[in-house]
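I would like the entire structure built from these sequences, with the hints used as guidance.
Counting in this note's numbering, the sequence shown runs from 30 upward without gaps.
Bear in mind the hints are in silico, worked out from the structure with no lab data behind them.
Watch out, some of these pointers could steer you wrong.
[To be verified] Using C-beta positions, here's what the derived DEER-type ranges look like:
1) Gln41 x Ile138: 49 to 59 Å
2) Gln116 x Glu145: 41 to 51 Å
3) Ala135 x Ala47: 38 to 48 Å
4) Gly61 x Pro86: 35 to 45 Å
5) Tyr107 x Ile39: 26 to 36 Å
6) Gly97 x Val46: 29 to 39 Å
7) Leu114 x Thr148: 50 to 60 Å
8) Ile51 x Asp103: 14 to 24 Å
9) Leu140 x Gln41: 50 to 60 Å
We put the beta carbon where it would ideally sit given N, CA and C, even for glycine.
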Amino acid sequence: MSTMSSSRIIIQVLLIVAVGVIGWMMLRSPGGARHRAGRRIVTLTFVIFAIVSIAVPAVISRIAHFVGVGRGTDLLLYVLVIAFLLQILSSFRRNGARERQITQLARRIALDNAPEPPTATRLTSTTHD
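Here's what the structure looks like:
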């Protein structure tokens with residue numbers, strides 16, 4: 030086995046382990062049942078795609094040529110840009126939901142801690158004094 034070949038195997042193993050760990054962490058994140066199911070399917074698809082592309086790089090080139098992209102690296106870049114944009118969208122929606130929750134909680138706390146308004150009997154007794 031040449032030095033080039035053994036270096037390639039080392040990086041492939043490291044990348045496969047990293048993608049596997051990240052995929053596992055993504056599957057564990059909380060959310061609604063439908064959201065979690067969709068996220069798990071997308072994550073599993075991404076993990077399989079990443080492992081195959083790391084283990085057998087020629088597959089990406091074949092897929093790229095099949096879909097009309099010149100090189101496998103270009104296809105990978107396009108897929109990563111889409112994944113990045115999906116992540117931004119997901120974060121934006123999640124932050125919006127959290128902001129709404131915080132607003133509702135702040136309103137509830139303000140109402141719970143608000144002083145009680147004066148009653149009619151208290152008003153009449155202070156005006157007669």
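Right, here's what the structure says about each hint:
1. Gln41 x Ile138: 49 to 59 Å: holds (53 Å)
2. Gln116 x Glu145: 41 to 51 Å: Given range 41 to 51 Å: holds, Cβ gap about 48 Å.
3. Ala135 x Ala47: 38 to 48 Å: holds (40 Å)
4. Gly61 x Pro86: 35 to 45 Å: holds (37 Å)
5. Tyr107 x Ile39: 26 to 36 Å: holds (27 Å)
6. Gly97 x Val46: 29 to 39 Å: Given a distance of about 32 Å, which is inside 29 to 39 Å, the answer is holds.
7. Leu114 x Thr148: 50 to 60 Å: Check passed, 57 Å falls within 50 to 60 Å.
8. Ile51 x Asp103: 14 to 24 Å: For Ile51 and Asp103 the Cβ distance comes to about 23 Å; the hint holds.
9. Leu140 x Gln41: 50 to 60 Å: Holds: the Cβ-Cβ distance is about 58 Å, inside 50 to 60 Å.
Hint violations for this structure: none, all hints satisfied.
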